[in-house]
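Heads up: the protein sequence lines correspond to chains P and D, in order.
Everything in the first sequence is counted per numbering that gives the first Met the number 0, starting at 0 for the first residue and increasing by one.
Everything in the second sequence is counted per numbering that gives the first Met the number 0, starting at 0 for the first residue and increasing by one.
Worth flagging that the hints you see were computed from the coordinates, not collected in a lab.
Take these hints with a grain of salt, some might be off.
Derived DMTMM-like pairs (lysine to aspartate or glutamate); straight-line CA-CA distance at most 20 Å [stated by the list, open to error]:
1. P:Lys-102 <-> D:Glu-148
2. D:Lys-157 <-> P:Asp-9
3. D:Lys-218 <-> D:Glu-182
4. P:Lys-106 <-> D:Asp-45
5. P:Lys-36 <-> P:Asp-2
6. D:Lys-157 <-> P:Asp-2
7. D:Lys-218 <-> P:Asp-80
8. D:Lys-72 <-> D:Glu-52
9. D:Lys-157 <-> P:Asp-14
10. D:Lys-157 <-> D:Asp-94
11. P:Lys-46 <-> P:Asp-84
12. D:Lys-157 <-> P:Asp-107
13. D:Lys-72 <-> P:Asp-107
14. D:Lys-237 <-> D:Glu-148
15. P:Lys-106 <-> D:Glu-148
16. P:Lys-48 <-> P:Asp-84
17. D:Lys-226 <-> D:Asp-45
18. D:Lys-218 <-> P:Asp-14
19. D:Lys-74 <-> P:Asp-14
20. D:Lys-74 <-> P:Asp-9
21. P:Lys-102 <-> P:Asp-80
22. P:Lys-102 <-> D:Asp-162
23. P:Lys-102 <-> D:Glu-204
24. P:Lys-120 <-> D:Glu-148
25. D:Lys-218 <-> P:Asp-2
26. P:Lys-106 <-> D:Asp-162
27. D:Lys-157 <-> P:Glu-10
Cβ-Cβ distance ranges computed for the label pairs, FRET-style [stated by the list, open to error]:
28. P:Lys-63 <-> D:His-208: 37 to 43 Å
29. D:Gln-205 <-> P:Leu-34: 53 to 59 Å
30. D:Gly-171 <-> P:Glu-79: 25 to 31 Å
31. D:Glu-129 <-> P:Ile-132: 40 to 46 Å
32. P:Thr-69 <-> D:Glu-119: 40 to 46 Å
33. D:Gly-171 <-> P:Leu-91: 43 to 49 Å
C-beta: ideal position from N, C-alpha, C; glycine also.
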Amino acid sequence: MDDLYLDNIDEFVNDQNKIVTYKWLSLTLGVHVNLAKQMLYHYLDQKRKEGSARLHATYLVSGKFVENGTTSHKVSVVREDQLEDAKSKMSLTVSVHVYSVQKAVLKDSGPLYSADYDAVKENLRNCSRYSAIRCADAVPRSSAEVQQACETTQAPPPETEQIKANHSNLASKPTSKQPKGIMGMFANKNVSKNQDSSKEIKLEQKEVTPVVETSKTKPAPKTNPVTNFFAKQAASKYFNNPISHTVGRTRYFPLDSKTKRLEHSDSEEEKNESRRKKRRRIKKPEPDSSDDEVIPDSPPQLQEKRDPSPSPEIQVKKEPVAVSHSDVSFHI
Amino acid sequence: MLQFLFLTFETFASYHSTLFVFSSLSHQKMTTLTRQDLNFGQVVADILCEFLEVAIHLILYVREVYPSGIFQKRKKYNVPVQMSCHPELNQYIHDTLHCVKPLIEKNDAEKVVVVIMDKEHHPVERFVFEISQPPLLSISSDTLLSHVEQLLRAVILKISVCDAVLENNPPGCTFTVLVHTREAATRNMEKVQVIKDFPWIVADEQEVHMQEPRLIPLKTMTSDIVKMQLYVEERAQKAS
Numbered sequence: 000m001d002d003l004y005l006d007n008i009d010e011f012v013n014d015q016n017k018i019v020t021y022k023w024l025s026l027t028l029g030v031h032v033n034l035a036k037q038m039l040y041h042y043l044d045q046k047r048k049e050g051s052a053r054l055h056a057t058y059l060v061s062g063k064f065v066e067n068g069t070t071s072h073k074v075s076v077v078r079e080d081q082l083e084d085a086k087s088k089m090s091l092t093v094s095v096h097v098y099s100v101q102k103a104v105l106k107d108s109g110p111l112y113s114a115d116y117d118a119v120k121e122n123l124r125n126c127s128r129y130s131a132i133r134c135a136d137a138v139p140r141s142s143a144e145v146q147q148a149c150e151t152t153q154a155p156p157p158e159t160e161q162i163k164a165n166h167s168n169l170a171s172k173p174t175s176k177q178p179k180g181i182m183g184m185f186a187n188k189n190v191s192k193n194q195d196s197s198k199e200i201k202l203e204q205k206e207v208t209p210v211v212e213t214s215k216t217k218p219a220p221k222t223n224p225v226t227n228f229f230a231k232q233a234a235s236k237y238f239n240n241p242i243s244h245t246v247g248r249t250r251y252f253p254l255d256s257k258t259k260r261l262e263h264s265d266s267e268e269e270k271n272e273s274r275r276k277k278r279r280r281i282k283k284p285e286p287d288s289s290d291d292e293v294i295p296d297s298p299p300q301l302q303e304k305r306d307p308s309p310s311p312e313i314q315v316k317k318e319p320v321a322v323s324h325s326d327v328s329f330h331i
Numbered sequence: 000m001l002q003f004l005f006l007t008f009e010t011f012a013s014y015h016s017t018l019f020v021f022s023s024l025s026h027q028k029m030t031t032l033t034r035q036d037l038n039f040g041q042v043v044a045d046i047l048c049e050f051l052e053v054a055i056h057l058i059l060y061v062r063e064v065y066p067s068g069i070f071q072k073r074k075k076y077n078v079p080v081q082m083s084c085h086p087e088l089n090q091y092i093h094d095t096l097h098c099v100k101p102l103i104e105k106n107d108a109e110k111v112v113v114v115i116m117d118k119e120h121h122p123v124e125r126f127v128f129e130i131s132q133p134p135l136l137s138i139s140s141d142t143l144l145s146h147v148e149q150l151l152r153a154v155i156l157k158i159s160v161c162d163a164v165l166e167n168n169p170p171g172c173t174f175t176v177l178v179h180t181r182e183a184a185t186r187n188m189e190k191v192q193v194i195k196d197f198p199w200i201v202a203d204e205q206e207v208h209m210q211e212p213r214l215i216p217l218k219t220m221t222s223d224i225v226k227m228q229l230y231v232e233e234r235a236q237k238a239s
């Protein structure tokens, strides 16, 4: 039994050319995630020693990160060649483990998300079966509670609309900005595209906030499994972060505060870009800071934030958590 | 007897890139339909053309036909995909597929091929999408669309990792799209110009056939409404 898994992984990676993430492996083989991570590590180790196949791996690194004097906890998924670089940037590395193993060199993080999308979706009801994170209070709601929550969702749309209106200024890319590099060549034609993309952001926000109103704990699958799945992924992000293991912290992060932080960080980036000279060369896309999950170390006011639809003033003052929509973050 | 089409149109129209959203089609319970039910044929053609558009963009990204700077992450089938922002490129791909759509509707398109050519216009890679639609479409479940979405997602994933089984392309590659049709479909194409100033011409033998290609299967998908097979024909020696 001990070495059979190596053959299994070999088949997945080499014969089927799959991207084997630790999560997918744990769901497929029915083992705990930590065991899956070790399996991947051993497989990688063995193959490298044999020198047989060219394999590539991605790693999940998490640790303390100091930026402009503020310390935050950063979790990111990096390619193997950027691993040492990522570790050196952190003041304290809390954990490093293999995230995935595959034959191909991944140019971006998209396939990593697609790789376990179906497996996770199938196991939505018991996705924490093999997980290392437990919360005794997190139980699915009964259908009566879900109904009630649905009704209350219909009520505060004017409030959420107002919040979105405030943040649409941050979210929509200002058309006066000069996009760098090759994107600058499409500047004239970018106007409607930006409007489209800002609509897309708003659309995603709309998707996220109603689900937050209904549940903060693991939601029972309802009529719209897609948005549920989205919320589930986002919710599990908190639980994956080792530092917010304390029950109080994890449950009080409303989702929309995160998305707003995302918009905020984007707008700061854009202002910086507009100040720089417009360049005509084709530039490699810069690592998107919004790809990282950055959680600032506990300012105490975070604990108060329990209501799902906070007023805009509170939004501006506090230092909310930044999060990306995808389950993983990736440095390119 | 197969006839080939080859697109050579060089000048592009200006275009604003569209936002790709997987349109949720009606979930009416349908039983058995024949190909004559054109509405459904249109629906299948819509799905396939949307998919081909995403696939072509992804192939251009993964095979580095164009620099990665022009690509942007978008969402399709609930997963991130890379799509180009270049308006003229998008217009070209869009128009190409717009012309292909009527062929798919009538089940006249046998294969859609994305050919990547080197500087001398010799093909180095051919991504072949073989499409076949069953004559009798029996749609029985509401979950058909999410099932099809799942299958298309799997094909997209396979394209993302095709780097592992293919050799690197030489720099300065270009691409083109060929359509292999059944029988007399092209005669109608010539009569009716689907898009103004966007002519299709018969393909060169040189572009269509590769000498002794390596065949690499990527993915096969079978669903109630369409069967698709994706494989790559690769030239043995790519660097010229």
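Verification of the hints:
Distance restraint check for Lys-102 of chain P and Glu-148 of chain D: the Cα-Cα separation of roughly 25 Å exceeds the 20 Å cut-off, and the hinted pair is therefore not satisfied. Taking the CA atoms of Lys-157 of chain D and Asp-9 of chain P, the gap is about 17 Å. The hint holds against a cut of 20 Å. Of the supplied pair hints, the one linking Lys-218 of chain D and Glu-182 of chain D is violated, its CA atoms being roughly 26 Å apart against a limit of 20 Å. In summary, the hint linking Lys-106 of chain P to Asp-45 of chain D is not supported, as the alpha carbons are separated by about 29 Å, beyond the 20 Å threshold.
Our distance criterion of 20 Å between C-alpha atoms is met by Lys-36 of chain P and Asp-2 of chain P, whose separation comes to about 15 Å. Pair hint Lys-157 of chain D plus Asp-2 of chain P does not hold up; C-alpha atoms about 28 Å apart against a cutoff of 20 Å. Taking the CA atoms of Lys-218 of chain D and Asp-80 of chain P, the gap is near 29 Å; set against the 20 Å cutoff, the hint is violated. With a CA separation close to 14 Å, the supplied pair Lys-72 of chain D and Glu-52 of chain D stays within the 20 Å bound.
Between Lys-157 of chain D and Asp-14 of chain P the CA atoms are separated by roughly 13 Å; this keeps the pair inside 20 Å, and the hint holds. For the proposed pair Lys-157 of chain D and Asp-94 of chain D, the alpha carbon gap of about 25 Å is over 20 Å, so the pair is violated. Distance restraint check for Lys-46 of chain P and Asp-84 of chain P: the Cα-Cα separation of roughly 24 Å exceeds the 20 Å cut-off, and the hinted pair is therefore not satisfied. Using a Cα cut-off of 20 Å, the hinted pair Lys-157 of chain D and Asp-107 of chain P holds, with the two alpha carbons roughly 14 Å apart.
With a C-alpha separation of about 9 Å, the suggested pairing of Lys-72 of chain D with Asp-107 of chain P holds against the 20 Å cut-off. Annotation: proposed proximity of Lys-237 of chain D to Glu-148 of chain D is violated, straight-line Cα distance about 34 Å (limit 20 Å). With a CA separation close to 23 Å, the supplied pair Lys-106 of chain P and Glu-148 of chain D exceeds the 20 Å bound. Between Lys-48 of chain P and Asp-84 of chain P the alpha-carbon distance is near 24 Å, which puts this suggested pair outside the 20 Å criterion.
Pair hint Lys-226 of chain D plus Asp-45 of chain D holds up; C-alpha atoms about 15 Å apart against a cutoff of 20 Å. Between the alpha carbons of Lys-218 of chain D and Asp-14 of chain P the distance comes to roughly 13 Å, so the proposed pair stays at or under 20 Å and holds. Restraint check: the Cα-Cα separation between Lys-74 of chain D and Asp-14 of chain P comes to about 28 Å, which exceeds 20 Å; the hinted pair is violated. Simply put, Lys-74 of chain D and Asp-9 of chain P have alpha-carbon atoms about 31 Å apart, too far for the 20 Å limit, and the pair is violated.
Between Lys-102 of chain P and Asp-80 of chain P the alpha-carbon distance is near 15 Å, which keeps this suggested pair within the 20 Å criterion. A hinted pair counts as satisfied when its Cα atoms are at most 20 Å apart, and Lys-102 of chain P with Asp-162 of chain D qualifies at roughly 8 Å. As the CA atoms of Lys-102 of chain P and Glu-204 of chain D are separated by approximately 35 Å, the hinted pair breaks the 20 Å bound. Distance restraint check for Lys-120 of chain P and Glu-148 of chain D: the Cα-Cα separation of roughly 13 Å lies within the 20 Å cut-off, and the hinted pair is therefore satisfied.
For the proposed pair Lys-218 of chain D and Asp-2 of chain P, the alpha carbon gap of about 29 Å is over 20 Å, so the pair is violated. Annotation: proposed proximity of Lys-106 of chain P to Asp-162 of chain D holds, straight-line Cα distance about 10 Å (limit 20 Å). A hinted pair counts as satisfied when its Cα atoms are at most 20 Å apart, and Lys-157 of chain D with Glu-10 of chain P qualifies at roughly 16 Å. At roughly 59 Å, the beta carbons of Lys-63 of chain P and His-208 of chain D sit outside the given window of 37 to 43 Å.
For the pair Gln-205 of chain D and Leu-34 of chain P, the beta carbons lie near 54 Å from each other, so the given range of 53 to 59 Å is met. Look at Gly-171 of chain D against Glu-79 of chain P: about 30 Å separates their beta carbons, and that is inside 25 to 31 Å. Under the hint 40 to 46 Å, the C-beta atoms of Glu-129 of chain D and Ile-132 of chain P, about 45 Å apart, fit the expected range. In this structure the hint that Thr-69 of chain P and Glu-119 of chain D lie 40 to 46 Å apart at CB is violated, the actual value being about 56 Å.
A hinted range of 43 to 49 Å holds for the C-beta pair Gly-171 of chain D and Leu-91 of chain P, which are about 47 Å apart.
Violation of the numbered hints given earlier is confined to hints 1, 3, 4, 6, 7, 10, 11, 14, 15, 16, 19, 20, 23, 25, 28 and 32; the remaining hints are satisfied by the structure.
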